[in-house]
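2 protein chains.
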Amino acid sequence: MMTVDDVAMPDGARLVRLQRKDDARGSLVVGELTGLIPFKCRRIFMIYDVPAGASRGGHAHRACHQLLIAASGRVHVHVDGGTSCCDVLLEGPETGLYLPPMTWCVQSHYSSDCTLLVLASHPYDAGDYIHDHAEFLAMKGVRE
Amino acid sequence: MMTVDDVAMPDGARLVRLQRKDDARGSLVVGELTGLIPFKCRRIFMIYDVPAGASRGGHAHRACHQLLIAASGRVHVHVDGGTSCCDVLLEGPETGLYLPPMTWCVQSHYSSDCTLLVLASHPYDAGDYIHDHAEFLAMKGVRE
Numbered sequence: 001m002m003t004v005d006d007v008a009m010p011d012g013a014r015l016v017r018l019q020r021k022d023d024a025r026g027s028l029v030v031g032e033l034t035g036l037i038p039f040k041c042r043r044i045f046m047i048y049d050v051p052a053g054a055s056r057g058g059h060a061h062r063a064c065h066q067l068l069i070a071a072s073g074r075v076h077v078h079v080d081g082g083t084s085c086c087d088v089l090l091e092g093p094e095t096g097l098y099l100p101p102m103t104w105c106v107q108s109h110y111s112s113d114c115t116l117l118v119l120a121s122h123p124y125d126a127g128d129y130i131h132d133h134a135e136f137l138a139m140k141g142v143r144e
Numbered sequence: 001m002m003t004v005d006d007v008a009m010p011d012g013a014r015l016v017r018l019q020r021k022d023d024a025r026g027s028l029v030v031g032e033l034t035g036l037i038p039f040k041c042r043r044i045f046m047i048y049d050v051p052a053g054a055s056r057g058g059h060a061h062r063a064c065h066q067l068l069i070a071a072s073g074r075v076h077v078h079v080d081g082g083t084s085c086c087d088v089l090l091e092g093p094e095t096g097l098y099l100p101p102m103t104w105c106v107q108s109h110y111s112s113d114c115t116l117l118v119l120a121s122h123p124y125d126a127g128d129y130i131h132d133h134a135e136f137l138a139m140k141g142v143r144e
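Sequences listed follow chains P and C, in order. Under the numbering used here, the first sequence has 29 at position 29, and the numbering climbs by one with no breaks. Under the numbering used here, the second sequence has 79 at position 79, and the numbering climbs by one with no breaks.
Warning: the hint list may mix true and false statements.
Copies of the same chain look alike in the list, so a pair counts if it works inside one copy or between any two.
For lysine to aspartate or glutamate, the following DMTMM-like pairs were computed, each having C-alpha atoms within a straight-line distance of at most 20 Å [unchecked claim]: (1) 21 - 113; (2) 40 - 128; (3) 40 - 113.
Honestly, the hints are just simulated from the structure, not real lab data. Just so it is clear, the structure is predicted and the values come from calculations on it, not from any experiment.
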């Protein structure tokens, strides 16, 4: 399991740090999207109340870019670029995980208090999903 | 205190519902931003670990639009349009509170597990803030 300080990631995926400001009124993190991510945010979604043992994701997107942030709690994220992969623990709002298109991703070990926020570059499109890992590898030019 | 089903809000503020999908893997809410909010999201920030009794906000924005979502936990939001105001309890990711420019807003009673997500239309600009409530009312054409 990589920590958020290990920044070597497969195929253009990367961790991004949001600027954090603490004072007597609590904590605030902020991200100016233009400098943070190479896409415009056109859709958001949040995943929460995930039962212990459940996993989510298990697909890649053909065109959609995403930024994942554990707005609360923590979650394990498996990032698979085809030729290499890594596992990342996302914990707390100050760290985002940028996933370019054509990255296979599986989330698991959601803490019971986890809300995973995802910023996405495209409206929902069922045709943008690749659900078959062998097909994903073939599209990446990787022989199994 | 209004509930999220009371939709009468001051001066263009409104509650928006994100589409929720539950299954054995937990809950997901999704918002296609084009249909949800009348601005492009250029900045995000998250507020969390707010001590009991602390409040945040207490200002208006001249030009910046915002969407507030309690990604986890709950928070009270006071919305003041100048000529009318209301109080809203935000609880859970499926409800957003859209605030147009020139809306005075104060958040309080953050639950200890609350992460308040804010989508904003503009990059940070200190000059966009109005910190004086009397000045805000004067700009809205309201006599105290």
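Against the structure, the hints come out as follows:
1. 21 - 113: For residue 21 and residue 113, only the inter-copy Cα distance (18 Å) is at most 20 Å; the intra-copy one is 23 Å.
2. 40 - 128: Intra 17 Å, inter 23 Å, cutoff 20 Å: intra-copy only.
3. 40 - 113: neither (28 Å within a copy, 29 Å between copies)
Violation of the numbered hints given earlier is confined to hint 3; every other hint is satisfied by the structure.
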